[in-house]
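The sequence shown begins at 1 in full-length UniProt numbering and counts up by one.
I should point out that these hints are in silico values taken from the structure, not numbers from a laboratory. Do not take every clue at face value.
DSBU-like mimics (lysine-lysine), calculated; alpha carbons at most 35 Å apart, straight line [stated by the list, open to error]:
(1) Lys381 to Lys304
(2) Lys398 to Lys367
(3) Lys332 to Lys381
(4) Lys332 to Lys145
(5) Lys381 to Lys122
(6) Lys398 to Lys304
(7) Lys60 to Lys407
(8) Lys367 to Lys332
(9) Lys332 to Lys398
(10) Lys122 to Lys304
(11) Lys325 to Lys304
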Amino acid sequence: MKAISTIRTVFHQTIHANRRPLSLTTTVKRWMGGQLPGQHSQELAARTTMAYSPFETLNKYESHVDLFSCDYLGLGQNEELNWVHAYSILRHGMDRICSCVVSHPGDSPVRDTERALARWLKSESAALTYSCTAANIGAMEILLKGNQRPVYVDRFAHATLQVGVTFAGAAGRLHVFQHNDLDHLRSLIAKTGSGVVVVDSIYSTNGEEAPMADLVDLCHDLGCILVVDESHALGVIGEQGEGLVAHLGLEDGVHVRTTSLHKSLTCDNGVIASSRDVTDCFNHATTLGIFSNAMQISGAMRVKKAMELAMQATEQRENLRKMSKSFRQQLKEAGFPVRTDIDHPIVSVVVGQSARAVEIHHYLCSKGIYPWVFFYPATPKDGAMVRFVINQYLTPEKLAYTVETIKNFRDDLKPPTGMGREERSVISQAII
């Protein structure tokens, strides 16, 4: 209270001093020495701002090479989908402005969409969430809070999954295993005991698949719970875009699936798919569920329509596979160490230090090519990468132009020498 009183006194003295008054925020910052953000946040914000500054002047209506959008199927510009969304907003407005603990009735469009999602994913039940971040954090809280289960996370699994482990108070039980290294995972479980195993089905850094069948067998044999994030598989993998788990017929061996609908479905939502007791817990027993607003009918109706369009997008998925294969082959023929046995539309090239990655990113953007750039702490310090995402807004001509352009940076796109064994291992796993 004394601190607040001091701030108010300074603020009022400033007003009566016959000079331009300072805002309360400015006064607080000066009173605290101007150090409100921590050094880590300031440095990371500055680095990220610098890396993505070319996007500030990007005009989506002008010609450019979009290699950053995860709108794999091009639904973001689908007129039918956007009309359905607009109409549902006009019809239903903002519905149920209250906590998720107030359930929608069984005949609500929200429940109808959740049942449709469960059928698509071949899951007993599915719950819509406001984001995949909410789904990942909620899943970890449901599985880890109030018990002593150890948790084993692939080192390339999405960062929000580890955030969820910490959120559940289980950071002391977290064990990170080497990427897709089931021998390492098995040795950790042998030392610490059965628990929760957490992976991505398709890794966002490099488009690589997890060894799903082997993971299911391992978790079954060792009595572990398997959690899989399908954000980059939904809509892209499977005859109807049902994701890697259902495509391989492994849905009975994966206990919990989470996914973002913001990518292939271009919806501002996530999903947690599992048994009914798990999905019921999200809205009524997780922090993010209880303290978030209930799902909007308009958002659920957009999801339902986007799902129907994604299921029918056979031609778009085939086009993605063809363009991805062609792009990888062109890069390989140009001398870059690219794996051609992967046909997922994420293609990444490790370039080393963050400064090099930003330099290359800025150069490509100056040529009208807009990829993504990852650096520490999203990657190892010497493992910064440029990520290219193949989507429906690309053409063979644009991809060929991209390959010709990055040839000018051939030397910079090679992994730097002089690294330790661990760093080289990380780099070799990330280059695809």
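Has the given pair, Lys122 with Lys304, been kept, meaning a C-alpha gap of at most 35 Å? The given pair, whose Cα atoms are some 16 Å apart, holds under the 35 Å limit.
Given the hint that Lys332 pairs with Lys398, does the C-alpha gap stay at or below 35 Å? Since the Cα atoms of Lys332 and Lys398 sit roughly 17 Å apart, the hinted pair holds (cutoff 35 Å).
For the pair supplied as a hint, Lys332 and Lys145, is the alpha-carbon distance within the 35 Å limit? violated, 47 Å
Sort out whether Lys304 lies within 35 Å of Lys381, counting only the CA atoms. violated, 41 Å
Does the structure keep Lys325 and Lys304 at a Cα separation of 35 Å or less? holds, 31 Å
Lys398 and Lys304: Cα distance at most 35 Å? Holds. Lys398 to Lys304 sits at ~32 Å (cutoff 35 Å).
Straight-line Cα separation of Lys332 and Lys381 no greater than 35 Å? The hint holds at about 25 Å.
Straight-line Cα separation of Lys60 and Lys407 no greater than 35 Å? Answer holds: Lys60 to Lys407 is near 25 Å, not above 35 Å.
Is the hinted pair Lys381 and Lys122 satisfied, with a Cα-Cα distance of at most 35 Å? violated, 40 Å
For Lys398 and Lys367, compute the direct alpha-carbon distance and say whether it is at most 35 Å. holds, 12 Å
Given the hinted pair Lys367 and Lys332, is their Cα-Cα distance within 35 Å? holds, 21 Å
Figure legend: structure checked against the earlier numbered hints; hints not met, in rising order: 1, 4 and 5.
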